[in-house]
Amino acid sequence: MGNGTQLGRVRGLGAGGGAVVHHWWLQRVTAVGSLILVLWFVFSLVRLPSLDYASAVMWVRQPIVAVPLMLLIVSVFWHFRLGVQVMLEDYLHGSKRVIAMLALNFYTCALAALALFSVLKVALSAAAG
Amino acid sequence: MASRPTVQPARPLSPHLTIWKWRVHMAVSIVHRVTGHALAFGAVLIFAWWLAALASGPAYYRFFLDIVLSPFGALVGIGLTWAMFQHMGSGIRHFIMDAGEGYDLVTSRRMAQATFAFSILATAGLWAWILAGGY
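Respectively, the protein sequence lines represent chains A and B. Going by the numbering used here, the first residue of the first sequence is number 1, and it counts up by one from there. Going by the numbering used here, the first residue of the second sequence is number 1, and it counts up by one from there.
For the record, the hints were derived by calculation from the structure and aren't laboratory data. Beta carbons are placed, not taken as given, at the ideal position from N, Cα and C, and that holds for glycine. Check before you lean on any hint, since a few could be wrong.
[As the list claims (entries may be wrong)] Non-contacting residues of chain B with respect to chain A, defined by C-beta distances greater than 10 Å in every case (computed):
1. M26
2. F47
3. H94
4. D104
[Unchecked claim] Here are the computed distance ranges between Cβ atoms for each label pair:
5. A:H93 <-> B:Y60: 38 to 44 Å
6. B:R23 <-> A:P63: 45 to 51 Å
7. B:D104 <-> A:P63: 44 to 50 Å
8. A:I99 <-> B:R23: 33 to 39 Å
9. B:R110 <-> A:R28: 21 to 27 Å
So here's chain B without its partners, still in its complex pose (with noise of 0.2 Å):
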């Protein structure tokens, strides 16, 4: 480790992002990583933060809800949303595949797809519920 040149010699890598065709599952594995760092550095902020209002009292706990229920927030609110149950879907698709099943070509591409139809579902769900609930 000490002793690495600095300068490293050109190696050859592993075909990337740009060689391959795009397919389903290719996406939905990217997608698990983008997703998961946003909830990470987004959602995970966020999170804390209306916990540190919330201990604050009641005047700075004002001034949060004021800039997350504004129109920006909940825009951010929806798409945090969707981030967490993508990787909600495509974490409990890793959960069958590291279970060793699902495997073969037909059902590993239904289960990809099927990630991306369970977090549009689920997001508008939740968020219709929400505004239907009159916040």
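Only chain A is shown next, with the shape it has when bound in the complex (with noise of 0.2 Å):
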């Protein structure tokens, strides 16, 4: 990039200047993301035996349930907060728009990192359980 006319360097970034195809792009890749991880996570719920504390414990402690739960959190929370984002920006105005995106980036990183944490003490604490 960088060596072209000042249309062709322009062309295709739209309004946004790039920023809104990522975005645009992002919500897709996450989209797949989710659609996978959800479907697993739902039907691995209903097909456990029971959801007390020491069969949920017990899944949840896996690798092969652990990782792709931490997967599913980061696709799923970033899909969320892309889309809410989009409808902020179609409802909301000026310092409005301002407050609410920061209400909305807190929600999401301080429910992931509670979400996450939670998979990573559950997963990496001892069996004694």
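Take each chain as given, in its own frame, and dock them per the hints.
As structure tokens, this is what we get:
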């Protein structure tokens, strides 16, 4: 990039200068990730013999469960963060939009951190639970 | 941005929900957004709460299960399950339309109807399975 004509350098980037395309593309990437991981999660959950504490901990503790679970958290949280942003941009303007976007980012990051930490704590704690 | 006047002049807006005749394509698009937000602020919150409860130990987890497995919890669960399958169905419709397919009137209408049929059947099927399993 950078050696073409002025038109060539901006073509395909739109008014957002590439950020919009990036947003659109990430929403699709996380949509595919979430589709696969959520289907896995729902069908795994309903096939568990029980949802009680011991069964749930035993399930989450396996690497084959803990890792997809953390991938699911990243994919789903990223996806909804992008989706809610579009709604805020449609309906809010000026300082209201800035405040709402801040709140959205805090909500997403706080909840994602809580979810990721919880998976790690269950997965990495000693088996004596 | 900084010099924007505090009171903006009334500008003409493009026609919104109130002016169009309701059709299934329009409904599926609106429902896609509504279910997405129900999932973002409902299902995601319960999901994170479930993980945090699991990490907090058996006593708190029991408290969590009592709420989630109550009749009210099951009702919310059924609603969010439908929202998930509906968002999933209309999301797959988005993929197809992103690829440039399904824009002719008949196909577009059938795909929109199919998302609702899919979400209702999948929700009924999943919950029949859960309730028959005797959680």
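> Among all the numbered hints in the text so far, which are the ones the structure does not match?
Replying inline: 2 and 3
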